[in-house]
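Engineer: If you read the sequences in order, they're chains A and B. All residue numbers for the first sequence refer to the working numbering, where the first residue is 1 and numbers rise by one. All residue numbers for the second sequence refer to the working numbering, where the first residue is 1 and numbers rise by one.
Derived by calculation from the structure, the hints in this document are not laboratory data. Among these hints, one or two may not hold up.
A few chain B positions that, by computed beta-carbon distances, are all more than 12 Å from chain A [unchecked claim]:
no.	residue
1	1
2	15
3	54
4	62
5	82
6	99
Per the computed footprint, the stretches of chain A lying under chain B, defined by three or more beta-carbons under 8 Å from a beta-carbon of chain B, are [said to hold, decoys possible]:
no.	region
7	31-42
8	45-57
In the EDC-like style, the derived pairs of lysine to aspartate or glutamate whose C-alpha atoms are separated by at most 20 Å in a straight line are [to be verified]:
no.	chain 1	residue 1	chain 2	residue 2
9	B	79	B	59
10	A	73	A	52
11	A	96	B	71
12	A	55	B	59
13	A	73	A	86
14	A	78	A	10
15	A	96	B	99
16	A	73	A	17
17	A	78	A	17
For glycine and all other residues, C-beta sits at the position ideal for the given N, C-alpha and C.
Each chain, letter by letter, is given below.
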Amino acid sequence: AQTVTQSQPEMSVQEAETVTLSCTYDTSENNYYLFWYKQPPSRQMILVIRQEAYKQQNATENRFSVNFQKAAKSFSLKISDSQLGDTAMYFCAFMKHAGANNLFFGTGTRLTVIP
Amino acid sequence: SQTIHQWPATLVQPVGSPLSLECTVEGTSNPNLYWYRQAAGRGLQLLFYSVGIGQISSEVPQNLSASRPQDRQFILSSKKLLLSDSGFYLCAWTRTGTETQYFGPGTRLLVL
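My request is simple: use the sequences and hints to build the entire structure.
Structural biologist: Structure, rendered in structure tokens:
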């Protein structure tokens, strides 16, 4: 079974600063996908960034980047130049490469950006 | 462009009453569809997924059922709600053969 662990229930960061959210996962699969989703107060899940396990290069989307360490089964999210709109719950998620593409979620990290 | 709709947005139901939540996707055909539940302060748990009309797979035994009567419509149902069915229900879709899931706005269900 796949498990996803987010060990930081809550974090805060000053506006314009950088913050890193941690995520580890456990799997016996070799090919898979990893995702970070953002859930603002509206509660709609919004995709932030995705990473294919077979790619060594870390994914980047504007101010968001990941540090993917496959051997350590670690997938952290770095948010640069934090903005007030980044305040949200952030969920790390895992998906096997094959099959019906079921997502396995961590329990989330609540991030607060302080003005 | 593709959009995903869920309704109702909020629902308050008594214990023992039936339930029907609807999810529809526009702008694509033959999507994979998913129902998730999020309990308060928790992550999402996959309930059902569907790869085609009439094809439903259940991930968690529970008081709920799902149906896919049309290509872009996914329905979550219950004959008799339990208090433990309260939560936030999210529908998601992917294009067949791709992996990124896109979520709807969700339905907040409170069972009293």
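Engineer: Determine for every hint whether it applies to the structure shown.
Structural biologist: For each hint, the structure was consulted:
{"no.": "1", "hint": "1", "verdict": "holds, 15 Å"}
{"no.": "2", "hint": "15", "verdict": "holds, 24 Å"}
{"no.": "3", "hint": "54", "verdict": "holds, 15 Å"}
{"no.": "4", "hint": "62", "verdict": "holds, 16 Å"}
{"no.": "5", "hint": "82", "verdict": "holds, 22 Å"}
{"no.": "6", "hint": "99", "verdict": "violated, 5 Å"}
{"no.": "7", "hint": "31-42", "verdict": "holds (count 4)"}
{"no.": "8", "hint": "45-57", "verdict": "holds (count 4)"}
{"no.": "9", "hint": "B:79 with B:59", "verdict": "holds, 19 Å"}
{"no.": "10", "hint": "A:73 with A:52", "verdict": "holds, 13 Å"}
{"no.": "11", "hint": "A:96 with B:71", "verdict": "violated, 24 Å"}
{"no.": "12", "hint": "A:55 with B:59", "verdict": "violated, 29 Å"}
{"no.": "13", "hint": "A:73 with A:86", "verdict": "violated, 25 Å"}
{"no.": "14", "hint": "A:78 with A:10", "verdict": "holds, 15 Å"}
{"no.": "15", "hint": "A:96 with B:99", "verdict": "holds, 9 Å"}
{"no.": "16", "hint": "A:73 with A:17", "verdict": "violated, 26 Å"}
{"no.": "17", "hint": "A:78 with A:17", "verdict": "holds, 11 Å"}
Violated hints for the displayed structure, listed by number in ascending order: 6, 11, 12, 13, 16.
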